[in-house]
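Engineer: Let the sequences and hints guide you as you build the complete structure.
Here are the chains, one letter per residue:
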Amino acid sequence: MSERTNGGNGAEPPPIIRIRGLKTRMGNRAIHRNLDLDVKRGEVLGVVGGSGTGKSVLLRVVVGLIPPHRGTIEVFGQDTAKLDTDAMRQVEARWGVLFQDGALFSSLTVAQNIQVPLKEHLRLPQALMDEIAAMKIALVGLPPDTATKFPAELSGGMRKRASLARALALDPELLFLDEPTAGLDPIGAAAFDALIRDLQKSLGLTVFLVTHDLDTLMTICDRIAVLVDKRIKIGTIPELLNDAHPWIHAYFHGPRGRVALAAHGGAQGG
Amino acid sequence: MAQDAWLESGFREGAFVLRAGGAWRVQSAAELDRKLDALDPGTARSALIDLAEVESLDSAGAWLVLRTERALEGRGLSVRVANLRPEIEPLLRKVESSREAVPRERRHHHHHGFRDFVRDIGESTVWFLGQAAELVGFLGLVTVTVARTLRRPERLRFISLVTHMERTGVSAMPIVGLICFLIGVVTAYQGADLLHRFGAEIYTVNLIGIGILRELGILLTAIIVAGRSGSAFTAEIGAMKVHEEVDAMRTLGLDPVEILVLPRMFALVLVLPLLAFYANFMGILGGALMSWAALDINLPLFLRQLQSALFGWTFWLGPLKAPFFAVVIALIGCYQGLKVSQSAESVGRLTTVSVVESIFLVIVLDAAFSIVFSYLHV
Chain A
1 MSERTNGGNG AEPPPIIRIR GLKTRMGNRA IHRNLDLDVK RGEVLGVVGG SGTGKSVLLR
61 VVVGLIPPHR GTIEVFGQDT AKLDTDAMRQ VEARWGVLFQ DGALFSSLTV AQNIQVPLKE
121 HLRLPQALMD EIAAMKIALV GLPPDTATKF PAELSGGMRK RASLARALAL DPELLFLDEP
181 TAGLDPIGAA AFDALIRDLQ KSLGLTVFLV THDLDTLMTI CDRIAVLVDK RIKIGTIPEL
241 LNDAHPWIHA YFHGPRGRVA LAAHGGAQGG
Chain B
271 MAQDAWLESG FREGAFVLRA GGAWRVQSAA ELDRKLDALD PGTARSALID LAEVESLDSA
331 GAWLVLRTER ALEGRGLSVR VANLRPEIEP LLRKVESSRE AVPRERRHHH HHGFRDFVRD
391 IGESTVWFLG QAAELVGFLG LVTVTVARTL RRPERLRFIS LVTHMERTGV SAMPIVGLIC
451 FLIGVVTAYQ GADLLHRFGA EIYTVNLIGI GILRELGILL TAIIVAGRSG SAFTAEIGAM
511 KVHEEVDAMR TLGLDPVEIL VLPRMFALVL VLPLLAFYAN FMGILGGALM SWAALDINLP
571 LFLRQLQSAL FGWTFWLGPL KAPFFAVVIA LIGCYQGLKV SQSAESVGRL TTVSVVESIF
631 LVIVLDAAFS IVFSYLHV
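Protein sequence lines, in the order shown, are assigned to chains A and B. For the record, in the first sequence the residue sitting at position 193 is 193 according to the working numbering, with numbers rising by one throughout. Just remember that the working numbering sits 270 ahead of the position in the second sequence, which is counted from 1.
Simulated from the structure, these hints should not be mistaken for lab results. Keep in mind it's a predicted model, so treat the numbers as computed, not measured. Do not take every clue at face value.
Computed beta-carbon distance windows for the label pairs [claimed, not checked]:
1. B:Gly523 to A:Ser155: 20 to 30 Å
2. B:Glu283 to A:Arg197: 35 to 45 Å
3. A:Lys149 to B:Ala637: 39 to 49 Å
4. B:Glu615 to A:Ala182: 22 to 32 Å
5. B:Arg355 to A:Arg197: 42 to 52 Å
6. B:Arg619 to A:Pro238: 16 to 26 Å
7. A:Asp145 to B:Glu359: 36 to 46 Å
8. A:Ala103 to B:Asn353: 54 to 64 Å
9. A:Lys40 to B:Glu323: 49 to 59 Å
10. A:Ala250 to B:Gly618: 19 to 29 Å
11. B:Glu323 to A:Asp229: 27 to 37 Å
12. B:Glu323 to A:Asp86: 43 to 53 Å
13. A:Ala190 to B:Thr313: 44 to 54 Å
Which chain B residues face chain A? A few, computed with CB under 8 Å, are given here [to be verified]:
14. Arg295
15. Gln297
16. Ala299
17. Asp328
18. Trp333
19. Asn353
20. Pro356
21. Pro360
22. Ser368
23. Ser611
24. Gln612
Far from chain A by the CB rule (all over 12 Å, computed), these chain B residues [stated by the list, open to error]:
25. Thr395
26. Leu540
27. Leu555
Even glycine gets a Cβ: it sits at the ideal position worked out from N, Cα and C.
Structural biologist: What follows is the structure, given as structure tokens:
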């Protein structure tokens, strides 16, 4: 957190993710067109949009799972398209990804899952790795005996937490979450939101969060990026509330949007 | 990253003082772990962990600090952690709040060569017997389902049956044909070489005929089909198990045995005798061509000799055994598929088990048939 690979303009620190002119295509269909996005260091950015607008695709493009058709993506000030394998590995060690269904390795225990990135990127004694895995398991609020369990033995919510523990294994600076609260009951979802906020504050994370969950947006996001018309509109909730775009208006002023707004007192200001 | 992590220890006014600095991150955790394990507070009664010069800290670093604190407390020292930077403090508190859950004792795995060996044998035996019992149980389940379906044949999935007949039968023809043809050639060549010494080349035809028709044709076909289709059954059903499709079927009132197992089994039972016949034909063809090329036995001569060599049932033995082998292959393939748990690894493991078991049982069954046939003089 002390390095500055990119000078910036002095007043504002350089963004942790900078996307310029992104175009993504799936087959013949354009998903994103001329999309720009900056994610500031230390913020929680919520990405929303209708089904099929390419929220998860955007996440996958940023972490390099889908190559962009056009445009540049800079993460930690480095253009990911221009990095060689070694440099990319170093970048990958600095971010963690939580996939929608957890994507834990089904043939490994939870502790072994958490140790996969540790083994891949570092050389640590097994005893220390066991301790770190146990610590991460406690950190995400799972009981200690989870360590020796297999993913199939866990409930959906526990799998999400275990997967978050794996994403946090290397203490990343940047965390990508793909619909972290989807499929959780409201209490579990609220607890997961609180956990993410808590970890984000104590570990100093930047969070890139794709979600459908209005409550998640209201409670933990600093800014919201809305995917409409293949581009991003970004702002705080009060700013977006006054946006005239029909989808954004329907999103925040629809019945669910109003309920969530009322419940969270119009969200924290921007 | 910033400068490397460092650690100094010493004594000041009777207290054990630990000074930490640099970047206490997971990247240097291995080195710090070693140094911290080697610390010796001697006879000091109190300890001070001074974090003033720690520039950055992640949760692994925080864990090491807290672990050291706890270890020193365990030795009866009073420990104070001092001079935290304000930006580091929340992380340390967060990790601290969860440290009670972390077991400190390190695991030891004891190896006892001989005892492990005996235990492994025991475990394998129990596993093997369990498999046998479960398989018999599954055979019973399938039999009951077959009986129910025979009473109401319209419940049999016709399209699925035809699809599986095509996949297990028609698609297997090139490889089955090629292998049996080559085996015919090899048998003819080896037989000719040996029988030539006795001036009995013509009996090569008997060797080919009886060898291929009684054993080789059907056995090779069954082994190829076990490898091709038995494994496919396990993998297909296993992948459905992983995605909870089989559970979904049950909740929709569909019987997985009826829908998944029966079409595959019936398809194989119908197709394997035909494949065996085809394999026999290709094997004889290979033998005939080789006899002609190497022994100058032309086709009419070959056929006349073949006719005199075969008596009674010989021609029918292969297609007669085929349905039994088909049941074994389909049963094991489907059974192992249904045993898949929710992990990708178990699909691979059980597919291997499926192929090995079905080939083994096919050969055992074939041996049993040989004994029965020799009693019946066929």
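Engineer: Does each hint fit the structure? Answer for all of them.
Structural biologist: Hint check results:
1. B:Gly523 to A:Ser155: 20 to 30 Å: Given a distance of about 26 Å, which is inside 20 to 30 Å, the answer is holds.
2. B:Glu283 to A:Arg197: 35 to 45 Å: holds, 43 Å
3. A:Lys149 to B:Ala637: 39 to 49 Å: At 44 Å between Cβs, range holds.
4. B:Glu615 to A:Ala182: 22 to 32 Å: Distance hint for B:Glu615, A:Ala182 holds at roughly 26 Å.
5. B:Arg355 to A:Arg197: 42 to 52 Å: Cβ of B:Arg355 to Cβ of A:Arg197: about 22 Å, so the range 42 to 52 Å is violated.
6. B:Arg619 to A:Pro238: 16 to 26 Å: The hint (16 to 26 Å, Cβ to Cβ) is violated, given that B:Arg619 and A:Pro238 are roughly 56 Å apart.
7. A:Asp145 to B:Glu359: 36 to 46 Å: Violated, at about 30 Å.
8. A:Ala103 to B:Asn353: 54 to 64 Å: Given a distance of about 41 Å, which is not inside 54 to 64 Å, the answer is violated.
9. A:Lys40 to B:Glu323: 49 to 59 Å: violated, 29 Å
10. A:Ala250 to B:Gly618: 19 to 29 Å: violated, 48 Å
11. B:Glu323 to A:Asp229: 27 to 37 Å: violated, 52 Å
12. B:Glu323 to A:Asp86: 43 to 53 Å: violated, 31 Å
13. A:Ala190 to B:Thr313: 44 to 54 Å: With a Cβ separation near 51 Å, A:Ala190 and B:Thr313 satisfy 44 to 54 Å, so the hint holds.
14. Arg295: Since the shortest Cβ distance to chain A is 7 Å, the answer is holds.
15. Gln297: holds, 6 Å
16. Ala299: holds, 6 Å
17. Asp328: holds, 4 Å
18. Trp333: Because about 5 Å separates B:Trp333 from the closest Cβ in chain A, which is inside the 8 Å limit, the hint holds.
19. Asn353: Interface hint status for B:Asn353: violated (19 Å vs cutoff 8 Å).
20. Pro356: violated, 12 Å
21. Pro360: Because about 4 Å separates B:Pro360 from the closest Cβ in chain A, which is inside the 8 Å limit, the hint holds.
22. Ser368: Where the cut-off is 8 Å and the nearest Cβ of chain A is about 3 Å from B:Ser368, the hint holds.
23. Ser611: holds, 6 Å
24. Gln612: With a minimum Cβ separation of about 4 Å from chain A (threshold 8 Å), the hint on B:Gln612 holds.
25. Thr395: Holds, because the least Cβ-Cβ distance between B:Thr395 and chain A comes to about 25 Å, which exceeds 12 Å.
26. Leu540: holds, 36 Å
27. Leu555: Holds, since 47 Å exceeds 12 Å.
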